[in-house]
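Please take these sequences and the hints and turn them into a complete structure.
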Amino acid sequence: MVSAGDFRNGITVEMEGNVYQIIEFQHVKPGKGAAFVRTKLKNIINGGVVEKSFRPTEKFPQARIDRKDMQYLYSDGDLFNFMDVETYDQIALNAEAVGDALKFVKENEMVKICSYNGSVFAIEPPLFVELEITDTEPGFKGDTATGATKPAIVETGAKVMVPLFVENGEKIKIDTRSGEYLSRV
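Residues in the sequence shown are numbered from 1 upward in steps of one, following this note's numbering.
Calculated directly from the structure, the hints in this document are not laboratory data.
From the three backbone atoms N, C-alpha and C, an ideal C-beta is built for every residue, glycine too.
There's no promise every hint is true.
[Said to hold, decoys possible] DEER-style ranges, computed between Cβ atoms:
hint	residue 1	residue 2	range
1	MET1	LYS103	29 to 39 Å
2	LYS32	GLU109	53 to 63 Å
3	GLU167	THR57	50 to 60 Å
4	LYS150	LYS29	43 to 53 Å
[What the hints assert, rightly or not] With a Cα cut of at most 35 Å, we get these calculated DSBU-like pairs of lysine-lysine:
hint	residue 1	residue 2
5	LYS29	LYS42
6	LYS159	LYS68
7	LYS112	LYS171
8	LYS42	LYS32
9	LYS32	LYS68
10	LYS150	LYS52
11	LYS106	LYS150
12	LYS159	LYS40
13	LYS52	LYS42
14	LYS68	LYS52
15	LYS29	LYS173
16	LYS42	LYS112
17	LYS150	LYS103
18	LYS173	LYS159
19	LYS42	LYS106
20	LYS150	LYS42
21	LYS150	LYS173
22	LYS42	LYS103
23	LYS106	LYS159
24	LYS106	LYS52
Put into structure tokens, the structure is as follows:
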């Protein structure tokens, strides 16, 4: 059991027959009255986000989320195929379950499949990936304003903002959480 006073970002709890992941929390102690915890919760089954307030003493059962390393094999129309590298079992997930989690993931890379009671609700790509730039405009000498960027398309088809000095064919490192350029490789 997790009390509302112990809420942290990323914790998953069961309440009202649903499973919620805590996105944001804030302990509020007003000048008058009792303290409370204001939260923003994401329903992991349907993706909806709700805001709720709780007394710090309220308790909720912690949801058991299974995370399994799997290899992304290929996409076949609307289906994305993954393989368990230990048992060689394969699963196919539809585009709705995958969302845009694979926009920086190449085929044969490892991802984490998150499931609750056997149903997959999220895919976690690696935190950092190295991808090759397939299309970007050339940077011109003299365009050296501080922090200037230009759009670039990487080999997975995703669009990333990169500095002006980055050219076609270069490998870059990307943070998959924010989609930001980190460095050249």
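Results for each hint:
MET1 and LYS103 have their C-beta atoms about 37 Å apart, which keeps the hinted 29 to 39 Å range intact. Separated by about 54 Å at the C-beta atoms, LYS32 and GLU109 satisfy the suggested range of 53 to 63 Å. Between GLU167 and THR57 the beta carbons are some 59 Å apart, a value that agrees with the proposed interval 50 to 60 Å. At about 47 Å, the beta-carbon gap between LYS150 and LYS29 stays in the expected band of 43 to 53 Å.
Note on LYS29 and LYS42: the hinted pairing holds, with a Cα-Cα distance of about 24 Å set against a maximum of 35 Å. Our distance criterion of 35 Å between C-alpha atoms is met by LYS159 and LYS68, whose separation comes to about 28 Å. A C-alpha spacing of about 24 Å is found between LYS112 and LYS171, which places the hinted pair at or below 35 Å, so the restraint holds. Between LYS42 and LYS32, the direct Cα distance comes to roughly 30 Å. Compliance with the 35 Å bound is thereby established for this hinted pair.
The suggested pairing of LYS32 with LYS68 is violated, with an alpha-carbon distance near 47 Å, which exceeds 35 Å. A C-alpha spacing of about 40 Å is found between LYS150 and LYS52, which places the hinted pair above 35 Å, so the restraint is violated. The suggested pairing of LYS106 with LYS150 holds, with an alpha-carbon distance near 23 Å, which does not exceed 35 Å. This hinted pair checks out: LYS159 and LYS40 have alpha carbons roughly 29 Å apart, not beyond 35 Å.
For the hint pairing LYS52 with LYS42, the CA-to-CA distance comes to about 11 Å; that is within 35 Å, so the pair holds. At most 35 Å may separate the alpha-carbon atoms for a hinted pair to count; LYS68 and LYS52 meet this at roughly 30 Å. This hinted pair does not check out: LYS29 and LYS173 have alpha carbons roughly 43 Å apart, beyond 35 Å. Distance hint between LYS42 and LYS112 is fulfilled; the C-alpha atoms sit about 19 Å from each other, no more than 35 Å.
Only pairs whose Cα atoms come within 35 Å are accepted, and LYS150 paired with LYS103 is accepted, the gap being roughly 19 Å. For the proposed pair LYS173 and LYS159, the alpha carbon gap of about 13 Å is at most 35 Å, so the pair holds. Simply put, LYS42 and LYS106 have alpha-carbon atoms about 28 Å apart, close enough for the 35 Å limit, and the pair holds. Pair hint LYS150 plus LYS42 holds up; C-alpha atoms about 33 Å apart against a cutoff of 35 Å.
Under the criterion of a C-alpha separation no larger than 35 Å, the hint pairing LYS150 with LYS173 is consistent with the structure, at around 16 Å. Taking the CA atoms of LYS42 and LYS103, the gap is about 22 Å. The hint holds against a cut of 35 Å. Our distance criterion of 35 Å between C-alpha atoms is met by LYS106 and LYS159, whose separation comes to about 14 Å. For the suggested pair LYS106 and LYS52, the alpha carbons sit about 38 Å apart, so the restraint of at most 35 Å is broken.
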